[in-house]
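Q: If you want the building blocks of each chain, they are given just below.
4 protein chains.
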Amino acid sequence: MTSLSRSEPIGYSLPLSPSGKSSMVSEPPWHFSGNMLWIDYRVDPAAAVGFLPERLSPDVDAGAAAAVFSEWQWCSADGGELGDPVRCQFSEFLVLLGCRYGERAMARCPYAWVDSAVSLARGWIQGMPKQFGAIRMTRQIPIGVAGAGTRPGGRFAASLAVDDRRLVDAAVTLRELVDEPPALSRLPLVHSRVSPPWTAGDAASPAELVTSRVEGVAFSPVWSGSARLRFHADAMHDLDPDLARLVPRETGPGYYFSYAETLVGGESLA
Amino acid sequence: MTSLSRSEPIGYSLPLSPSGKSSMVSEPPWHFSGNMLWIDYRVDPAAAVGFLPERLSPDVDAGAAAAVFSEWQWCSADGGELGDPVRCQFSEFLVLLGCRYGERAMARCPYAWVDSAVSLARGWIQGMPKQFGAIRMTRQIPIGVAGAGTRPGGRFAASLAVDDRRLVDAAVTLRELVDEPPALSRLPLVHSRVSPPWTAGDAASPAELVTSRVEGVAFSPVWSGSARLRFHADAMHDLDPDLARLVPRETGPGYYFSYAETLVGGESLA
Amino acid sequence: MTSLSRSEPIGYSLPLSPSGKSSMVSEPPWHFSGNMLWIDYRVDPAAAVGFLPERLSPDVDAGAAAAVFSEWQWCSADGGELGDPVRCQFSEFLVLLGCRYGERAMARCPYAWVDSAVSLARGWIQGMPKQFGAIRMTRQIPIGVAGAGTRPGGRFAASLAVDDRRLVDAAVTLRELVDEPPALSRLPLVHSRVSPPWTAGDAASPAELVTSRVEGVAFSPVWSGSARLRFHADAMHDLDPDLARLVPRETGPGYYFSYAETLVGGESLA
Amino acid sequence: MTSLSRSEPIGYSLPLSPSGKSSMVSEPPWHFSGNMLWIDYRVDPAAAVGFLPERLSPDVDAGAAAAVFSEWQWCSADGGELGDPVRCQFSEFLVLLGCRYGERAMARCPYAWVDSAVSLARGWIQGMPKQFGAIRMTRQIPIGVAGAGTRPGGRFAASLAVDDRRLVDAAVTLRELVDEPPALSRLPLVHSRVSPPWTAGDAASPAELVTSRVEGVAFSPVWSGSARLRFHADAMHDLDPDLARLVPRETGPGYYFSYAETLVGGESLA
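If you read the protein sequences in the order shown, they are chains Z, B, U and X. -15 is the number of the first residue of the first sequence in my numbering; add one for each residue after it. -15 is the number of the first residue of the second sequence in my numbering; add one for each residue after it. -15 is the number of the first residue of the third sequence in my numbering; add one for each residue after it. -15 is the number of the first residue of the fourth sequence in my numbering; add one for each residue after it.
By construction, these hints were calculated from the structure, which means they are not laboratory data. One or more hints might be untrue.
Note that identical chains are pooled: a pair holds if it fits in a single copy or bridges any two copies.
[Unchecked claim] SDA-like mimics (lysine to any residue), calculated; alpha carbons at most 25 Å apart, straight line:
id: 1; residue 1: K5; residue 2: G47
id: 2; residue 1: K5; residue 2: A61
id: 3; residue 1: K5; residue 2: P29
id: 4; residue 1: K5; residue 2: D99
id: 5; residue 1: K5; residue 2: I109
id: 6; residue 1: K5; residue 2: R(-10)
id: 7; residue 1: K5; residue 2: D62
id: 8; residue 1: K5; residue 2: V102
Here chain Z stands alone, though its shape is the one from the complex:
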């Protein structure tokens, strides 16, 4: 039991362990494939700007926003998680706001919820403000009265609940294939990495603006249609009054598509 034979416990994240395999978050790259129910909407531009760090400007199309539900599978480089769906699946809801970093059009995510703690922790490493919630979303089942398909008239619904309160629900009825995915989905996300202060030395570190380095981006064909989107403002006021500022002023159109990407790391906007 001398220290000579000891190695430091290691890991990309906590928990540290002798082999490093206990790390809750695996080392990037991380591969993601998801089905997305996307609703474009518009917020009060003055509300949106309150969520933008000073180095970001409102989009030229001030008030452009999106409410995005998705069901994901993910895996590490070796794909090991794919054999165990409880580990490779999670669902997500996020709000996006159009913005600019200098001349560059980007998307800002003020709020996100997932139903997996691994996904949540991975989000915080990137500066993505994931919280925990219950996300439900219609699944593609190609046949039958209770099915849902990517065809004209196909209906997809979704909801978000947080702390046992319904916060958002939405539905999209598909109409047609469109040439392009929604505008905000084609922009890089810009996040703020934050280190909550804990010890005396931590006090001063400011948020760091970052974007993600992404490879292998792929879109399936994109369906578009009419959308319904409801933010339950009373429950939002109860849980988080700031969130309630981002209620829809206008809704639509909606989209359904699949999306894939590989996240390889972050890049500081210095």
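Starting from the known structure of chain Z, arrange chains B, U and X on it as the hints suggest.
A: For chains B, U and X alone, coordinates are given in the frame of chain Z:
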């Protein structure tokens, strides 16, 4: 408040209420659409027969069994549940055994688990022995490293956990489209309706053999491939030693397909 | 594999199996011990009567109601479940209404929710209209700022959510020990056993009025105090408009106490 | 919409927002009150040392460990969470190892699981390696066959499941009040704060050894008794082989007590 103005509270099931709309289980018909991960396997024929009521005989192919994972959407006649995925979705795992009722080939379901109480109660009405469990299953996502598609090499995995214990896991790697769905999927299910005795008058009622009246059966194209199936015998012994009798002796092939049906009522096998 | 050596699969409830041990609901007696957060309240008497079968009359104190949150442990005769908390614990919320059966004062439960499927199925056997929900309730922890104790000023809060919607929340601040538990807690419950029709022969069976045979009833000392009770009427209208008829017109007092009983069977009110 | 009127979105943690109230983790101090089921046990000393950073030495009593289940309530300085149990409650399981920092006896937590994402994120801020799991634990209910009380013969059981796999179960039968809480519970915890590298500039930051600044520590009377503790080694090997190194070589005694503390910040062991 005289009884003249009163109506009896009503409902297809509990809870009874003035309008009948509180009924947890809606009146049939019930429409179902699901994605199925199906693994044919073989059990000890002597074990299988122990789960057959005396009026049923073993199948000529004694020991034929299936382990079936599925993700369902369902709705009542008016389709109202489809707009709220938390109400219209559930997942299921069931074991099937081949059997005969007289000359008629049928399938017997000794065990089933679902993750929705409405589905569970609906099962008991039909004589389907649903219990509560956590079912996970790979989702179709057509693109990306972490996706899964219906194509040669597509991999689908699934698991069942009950009372915080992993009981079953499985995986299928797709190889090819086949002409027919698996044999047991084409047979009617035969269930035992049971009324657990509660008051003095209840004691004697025997189980009633029933099958279901089904309409609108539809299958998608059926993919077949190689399968892996593991029953965690230790955990089964801990929770339910009878269940452990149905561990696989042989496994495969596996299948992936979608299935739809409308359940309109039951029929007593008198 | 002759039928000579076969025994019928058995069980108190589904699933039936060779030994009968697969039965999801164990045979009574069932022992229950629980911590209860109880809020007396008053409903519109005309609304209450709509939930009473014709053979029951409103209580002389028309409109008397209670909203009851509880955290239970239960076990079968052999106590086996107690070693595995995932199996012996469940939480419950129920609404009670005062009523009479002839001269006999009783309590009627129009709605109940639990977070365990075994508890739900056991409720239906008794005629108790349990549905599935998420119930949360402050726990007794005797020390610290975040604790809660049975002492003057002790605060206990609770909530019910169903299908990802908050339906009820409540809180009680304890003031003093009282001599008696709340009035409705001392009355027998009267339930309606219902057999949802499935096969042709089922159609006519009416609900059966039953009460439970209970032994070993015990109350801990009973604390009383001021209460807050909120029914979220919008979410109720959305999920179940009948339920929304039972919103509070007046609230209080509230109570905190422990309760135990053994349920041995039912008795038909013929 | 000029930047003149803008303020930077703020928050102790993500998400940042105009008022700062969206922060998922509230600013310390954090008050905790919990009921603890504590089992002393012994691990292979060579395995334990593999989890100690080089600046820590094994305890003189090499191999001393504890398996700790707890049900907590917590709140921020203003106590606001206590009125909403879904926000103020969480359960936890952790493993502790005895160690030394120079001459100072401390406790090291190589693994911890909680069932709340807020608690998990708060743990990572402190360097506590919390992951997500399902923790169950017998509750104090003072009366009835299914109750559990702090008295000789009182039985408390608990379990941990992670990713739908049972990993640990345990039980303690109380015998007597003891003068002191278990040895490791009286020692400060020493954690490693880790910043998983994301951008190019992150690569080099090493783990920071920290301990917590704690106030208002309180113990209830402490019950001791005989203990049973099982680590499910197969499931551990499947999920995390490093964890399986910490299986028990010897078990007992066990303890049941309540504990409270206020966490005010961290202190670097520089």
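Q: Within a copy, between copies, both or neither: which one fits K5 and I109 at a CA-CA cutoff of 25 Å?
A: both (18 Å within a copy, 21 Å between copies)
Q: Pop the pair K5 and D99 into one bin, within, between, both or neither, using alpha-carbon distances up to 25 Å.
A: both (23 Å within a copy, 21 Å between copies)
Q: My question is about K5 and R(-10): at a cut-off of 25 Å on alpha-carbon distance, are they close within one copy, between copies, both, or neither?
A: within (17 Å within a copy, 45 Å between copies)
Q: When no copy is named, should K5 and P29 be tagged within, between, both, or neither for a Cα gap of at most 25 Å?
A: between (46 Å within a copy, 20 Å between copies)
Q: Could you figure out if K5 and A61 sit no more than 25 Å apart (CA to CA) within one copy, between two copies, both or neither?
A: Within. Shortest intra-copy distance 14 Å satisfies the 25 Å Cα cut-off; inter-copy 37 Å does not.
Q: Measure nothing new, just compare the shortest in-copy and cross-copy C-alpha distances for K5 and D62 to 25 Å and report within, between, both or neither.
A: Intra 13 Å, inter 39 Å, cutoff 25 Å: intra-copy only.
Q: Using 25 Å as the alpha-carbon threshold, which applies to K5 and V102: within, between, both, or neither?
A: both (14 Å within a copy, 24 Å between copies)
Q: As a check of your reading, is K5 near G47 (CA-CA no more than 25 Å) within one copy, between copies, both or neither?
A: between (44 Å within a copy, 22 Å between copies)
Hint violations for this structure: none, all hints satisfied.
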